[in-house]
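**Student:** So you can see what is in the structure, the chains are spelled out below.
2 protein chains.
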Amino acid sequence: METLLAELRTAVGDSGVLTDADVTASYQRDMMPLAPHGSPLAVVFPLNTEQVQAVVRACASRRVPIVPRGAGSGLSGAANAVEGCVVLVMTKMNAIVEIDTDNRLAVVEPGVVNLDLRGAVEKDGLFYPPDPSSYDWCTIGGNLSTNAGGLCCVKYGVTTDSVLGLEVVLADGEVLRTGRRTVKGVAGYDLTKLFVGSEGTLGVITKATLALRPLPQAPATLVAAFGSTATAGAAVSRIVREGLVPSLMEIMDRTSIEAAETYLKTELGAGPGCAALLICQSDAGGEQARHELAKIEEICLEADLVYSTTDVNEGRDLLTARRAVLTALEIYGSWLTDDVCVPRTRIAELIQGCEDISKEVGLKIAVVGHAGDGNMHPTIVYDPADADQFARAQKAFDDILAVGLALGGTVTGEHGIGKIKREWLAKEIGPVGLRVHREIKRALDPENLFNPGSMFGL
Amino acid sequence: METLLAELRTAVGDSGVLTDADVTASYQRDMMPLAPHGSPLAVVFPLNTEQVQAVVRACASRRVPIVPRGAGSGLSGAANAVEGCVVLVMTKMNAIVEIDTDNRLAVVEPGVVNLDLRGAVEKDGLFYPPDPSSYDWCTIGGNLSTNAGGLCCVKYGVTTDSVLGLEVVLADGEVLRTGRRTVKGVAGYDLTKLFVGSEGTLGVITKATLALRPLPQAPATLVAAFGSTATAGAAVSRIVREGLVPSLMEIMDRTSIEAAETYLKTELGAGPGCAALLICQSDAGGEQARHELAKIEEICLEADLVYSTTDVNEGRDLLTARRAVLTALEIYGSWLTDDVCVPRTRIAELIQGCEDISKEVGLKIAVVGHAGDGNMHPTIVYDPADADQFARAQKAFDDILAVGLALGGTVTGEHGIGKIKREWLAKEIGPVGLRVHREIKRALDPENLFNPGSMFGL
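Those protein sequence lines, which keep their order, are chains D and G. When you line the first sequence up against my numbering, it's residues 19 to 476, in that order. When you line the second sequence up against my numbering, it's residues 19 to 476, in that order.
If you are wondering where the hints come from, they were derived from the structure by calculation, not from laboratory data.
Below, in silico cross-link-like pairs of lysine-lysine (PhoX-like), each with a Cα-Cα straight-line distance of 25 Å or less: (1) G:Lys141 x G:Lys110; (2) G:Lys173 x D:Lys173; (3) G:Lys110 x G:Lys225; (4) D:Lys382 x D:Lys283; (5) D:Lys445 x G:Lys225; (6) G:Lys377 x G:Lys413; (7) D:Lys313 x D:Lys173; (8) G:Lys382 x G:Lys413; (9) D:Lys225 x D:Lys110; (10) G:Lys445 x G:Lys413; (11) D:Lys225 x G:Lys445; (12) G:Lys313 x D:Lys173; (13) G:Lys141 x G:Lys225; (14) D:Lys413 x D:Lys445; (15) G:Lys313 x G:Lys173; (16) G:Lys141 x D:Lys173; (17) D:Lys141 x D:Lys110; (18) G:Lys173 x G:Lys141; (19) G:Lys141 x D:Lys313; (20) D:Lys377 x D:Lys413; (21) D:Lys413 x D:Lys382; (22) G:Lys382 x G:Lys283; (23) D:Lys141 x G:Lys173; (24) D:Lys313 x G:Lys173; (25) D:Lys141 x D:Lys225; (26) D:Lys173 x D:Lys141; (27) D:Lys141 x G:Lys313.
Source: prediction; values computed, not measured.
Chain D with its partners taken away, still in its complex shape:
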């Protein structure tokens, strides 16, 4: 292994290779507590595509696995180290290579932080929609690898919908360029969208060409408080059925509201009888935004309280509460957040299912999520030091997925499969689906070099 380390140091420089176990430990896992992880042989920080190629070739020749990662904000263990691997940290490849205002696109390296890209293009009146909750510290490379979503998806889709092309280092060290710089293009298989969401199992993304949109108008915000999750869920269904497409539509249940209010030392104004809060925004601007929110207000006829505002700061404060839920839950203990997406007509049933599971396992479960696209994050509060609670939290985590699947949903709306939902992927896609996954993996990475055992086993 000393020869490998020497080669890695030649490839990226001495300072780009960490081997001290105390230091490498902080790169061995992401934010998902349930996922297994091993100890890396080394943690490597490449500075450019050529260095990535050199690292891949050095590891491939010795069959040492590579686990690529960004900031480590993931919630599925996809970026967790496997024993004896090289963790390839892409955060130092963080240049915004180009912003082409006239063609509304940006070319970026994978280490660029989501928020930095948003800020950079905003100056030119442009908008990069994907906004995962960790947008202020997660990287574009991680977003691409997990096909990250966020609060924008109800109107603007997930990460893959904003990707035009990629540069990827393959298992033999060759560089693949996929996609294009044009708005449309159908030359060959859509390799771009195959690599997006492949969780580092097929190659290392070293550059991305991203489609940008015109910067939307400052959002107008509506909050509706419901006395039951069923009436809130029914309102979501009606909003969809009426053909409305708000730019954001989030839901918080009672537990989430209480946690956020306590943590932020503020009142969300939902009132004591509130079981669910729906937060909607329209970024259509002016009259159109007021019209959209007025229609939503009409639809929320069973709400105990509806409040609308065009004040941007007030809207931001409401969203701050929504975004703070996970952190706020730490008042009660550690959290374990799940990720399940159901048809939009089944949201109320999913929330009810989570309430039932909460009672059964005897743990608090807060439900927050992207109501506009049925993507819910039931979050279990538990004490990881208590083995019994840990086991019950794990059971709740799985039971939630079972409810989601039974409702016609998917076991991950945006966090990915990683190292925590492998058996659930198999359940969802079945044996033929799994076989095709393995065939594609073997075709592109025959030695199982990249992130082995993530998503599925070979």
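Assemble the complex: chain D is given as a structure, and chain G must be docked to it using the hints.
**Tutor:** Just chain G now, kept in the frame of chain D:
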């Protein structure tokens, strides 16, 4: 081969297998005159997924290639028969299985005609955006296989952007189900988008789950006439730069305008000095639509004439002219339409390039296209019976692609590679890209059963 034919008849019934060469000849090619084609051994019409499985297994066991096709409206020869193959015509699998209004999705068989789906969902206030020019006779299966575009793409994307999941019969006859019924979902590789646009080379699509949108407002229409293609191209760039997203933005050059006017016996009102007509629509409705078109009018400052209307019929007539261009060109001879997509800032250069090529080869070239996304269809008028003209048309066809690539574009924006642009795919994606295509094809179709030689050779 008699055994195979007997097995096919057992699979789909006697009436579902055609072998008379006079009859099968009409299923041996699509609408692209340059593409090579062979004579099929048989033309088979399956009625359901089980029949497709039986046909695939029968052919696979004898290594008889299968070429799947829909209505045959394609423009790349992707659906052209190879010698001795079974042509699998999917047009009788044409059921709209389900329209789920509340979750805004439809489940359809591949033989459903695009226009029939549009009509069926419109009754429920829903909208299926992809609208290739042949939308009144092309099928959803063909649209999926070629990742078809249309006039809607500037605002609503291409076919792949509307697909949630697929059912596909694989080379061994097994049924793969990809994707989901939820709005979001990232469980596993994005196999859905791998099959979309794969031109029948990876499997036979037997069902599709499609995302629908709320029906937009009746469109308002603007027409702007320019004295030069350069000023029209510059206007397109400015419209994009200003952050406007019309629901349609088409361009017609002088040759197209004259042909359409003659064919339709109407005046488009562009005037004799008009070199390019820009047609824009907004489906935002009411005040917002008027505002969008007013901003476009402001931007078209170099236009000789700008005309706006909220009259739906008047708007439809203008679009009829645009849609009629190819048919109208038959006044002058046969046509050969190309498909190239360039960055939106380079449209004027592409049109200029086509004018230069037209002069060089001595053939009329009409340029029409989807200006809003840079996807142009320069169409060469020629006499296919004249060998010299045929050769010059072929040269022009290739020269246009070379200009497109040199401008940073792609050799196909929406028609596909098929059997006509194979060497251009290789040029565009390079040797590593081609290798990855071959690896994926071999992984999923190791015996090269499906549409062999289309897109690329093994």
